[in-house]
Amino acid sequence: MPASTPAHRIEIVDTTFRDGQQSPLLFDTEKYRFTLEEKKVLMTGLLELGVTHFEFFSPVVGVAEAQDVRELIAHASALTQKPLRFLAHCRCNLQDIEQALETGCNGLNLYLGVSPLAQQHNAQKSLEESVQLVQEVIATTRAAHPDLYIRFSAEDAFRTPLEDIFRLYDAIYPYVNTLGMPDTVGIAEPEDVSAVVAQLRQRYPNVALECHFHNDRGLALANVIAAVRAGVRYVDASIWGLAERSGIPSVTGVLFNLSKRYPEIAQQYNLSQCYPLNVLMASILGTLVPYTEPVSLTNRTHTAGVHQKAVLNEKKVYEAHNLHDFGVDKNQLLLGPLSGWNLIYYYLKEVEGFVISKEQAKQIAQEFKGRTSEIGRRKKPEELLLEIAEAHGLLRHTLPEEVPTARLENLD
Numbered sequence: 001m002p003a004s005t006p007a008h009r010i011e012i013v014d015t016t017f018r019d020g021q022q023s024p025l026l027f028d029t030e031k032y033r034f035t036l037e038e039k040k041v042l043m044t045g046l047l048e049l050g051v052t053h054f055e056f057f058s059p060v061v062g063v064a065e066a067q068d069v070r071e072l073i074a075h076a077s078a079l080t081q082k083p084l085r086f087l088a089h090c091r092c093n094l095q096d097i098e099q100a101l102e103t104g105c106n107g108l109n110l111y112l113g114v115s116p117l118a119q120q121h122n123a124q125k126s127l128e129e130s131v132q133l134v135q136e137v138i139a140t141t142r143a144a145h146p147d148l149y150i151r152f153s154a155e156d157a158f159r160t161p162l163e164d165i166f167r168l169y170d171a172i173y174p175y176v177n178t179l180g181m182p183d184t185v186g187i188a189e190p191e192d193v194s195a196v197v198a199q200l201r202q203r204y205p206n207v208a209l210e211c212h213f214h215n216d217r218g219l220a221l222a223n224v225i226a227a228v229r230a231g232v233r234y235v236d237a238s239i240w241g242l243a244e245r246s247g248i249p250s251v252t253g254v255l256f257n258l259s260k261r262y263p264e265i266a267q268q269y270n271l272s273q274c275y276p277l278n279v280l281m282a283s284i285l286g287t288l289v290p291y292t293e294p295v296s297l298t299n300r301t302h303t304a305g306v307h308q309k310a311v312l313n314e315k316k317v318y319e320a321h322n323l324h325d326f327g328v329d330k331n332q333l334l335l336g337p338l339s340g341w342n343l344i345y346y347y348l349k350e351v352e353g354f355v356i357s358k359e360q361a362k363q364i365a366q367e368f369k370g371r372t373s374e375i376g377r378r379k380k381p382e383e384l385l386l387e388i389a390e391a392h393g394l395l396r397h398t399l400p401e402e403v404p405t406a407r408l409e410n411l412d
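The sequence shown: position 403 = 403 (full-length UniProt numbering), numbered continuously.
It is worth saying that the hints were derived from the structure and are not from the lab. Since we're looking at a predicted model, the values are computed, not measured. Be aware that one or more of the hints could be misleading.
Dumping the calculated DSBU-like pairs for lysine-lysine here, alpha-carbon to alpha-carbon at most 35 Å [to be verified]: (1) K349 to K380; (2) K330 to K380; (3) K362 to K379; (4) K379 to K349; (5) K379 to K358; (6) K82 to K380.
Model the full structure from these sequences, guided by the hints.
Spelled out as structure tokens, the structure:
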């Protein structure tokens with residue numbers, strides 16, 4: 001089978017309600033944590049997109065989070081008949097595990113670091129002590145809950161010698177459903193990912209694999225693509241990629257990219273809900289969808305004059321991706337210092353309703369460019385252009401008030 005075709009169903013494991021709440025952006029926006037109602041709205045959006053796997057904090061984080069998990073599980077279960085997996089992110093601690101299961105979670109995401117740094121400064125256990133602890137906890141849990149979904153991940157997998165990971169995974173793979181390979185500190189490259197996945201698949205052919213990549217080097221999304229191509233089934237992601245430090249891949253960015261290679265994802269997920277989900281998060285945080293997010297209006301926004309002229313004639317000249325399928329149903333042409341006479345002609349004629357010739361537009365564009373130093377917080381580009389147009393004595397039609405004045409948004 002070609003490497004570009006997965007032999008398995010690809011599943012998004014959304015961690016917005018766990019890793020997402022650890023994002024510095026929640027502090028930058030003074031949100032700090034999502035309210036229960038906000039979580040329910042986000043959960044609804046994720047369900048409408050087709051996500052069925054959700055990761056939550058362990059209840060030991062706090063009473064409020066534990067209660068929210070119960071409420072979210074009830075909320076999601078009432079909205080769909082699809083089988084859903086609710087995963088508690090737990091330490092290898094039997095008391096933590098039982099508390100998690102009491103909330104209604106039907107799966108566990110267990111973890112422990114066995115890297116040399118973790119052994120010395122975090123777990124403060126030797127490799128053998130860690131292996132014994134993890135094996136005892138997982139074997140005990142499996143005996144008590146035979147049908148429970150269990151995933152285990154060796155934290156910081158890409159700074160841990162592979163032979164140490166093998167030593168640990170050899171001891172537990174008969175008890176787990178999935179083995180994780182988290183790049184906890186974001187050091188991996190796609191070539192590293194492909195090699196590690198290949199060795200894990202060869203050694204544990206009957207156990208599913210899950211990936212979790214942090215974006216410290218800006219490679220998280222590329223690493224996801226490499227992991228899926230190599231055989232990983234479960235991909236951790238969050239809305240906007242919210243997570244510790246620089247975050248992880250976004251749910252919509254993962255779906256957008258994987259659907260290019262695996263068209264069957266369009267049958268599994270309702271891709272038209274991608275952009276609405278991103279806008280929903282923007283409304284909660286009170287800020288714009290990040291410009292780095294692939295599924296965004298920014299990815300259909302043009303400022304350079306050459307680009308704007310071409311897009312006015314045919315969008316495909318500078319838009320290679322059909323973002324309409326992902327819910328982005330308009331594009332933007334931003335009037336500014338780089339705009340040429342084509343956009344100025346279009347704007348004054350189609351948006352502002354002036355009677356204008358192309359020659360007049362060229363004259364106005366020349367004057368506009370000569371005065372762009374006036375543009376700033378106190379004078380918008382549109383205001384300067386209108387001032388110039390009116391000085392030229394152009395006639396103007398009466399337009400409805402709802403015509404946009406800040407940005408040109410062209411409906412498809």
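Unsatisfied constraints (hint numbers, rising): 6
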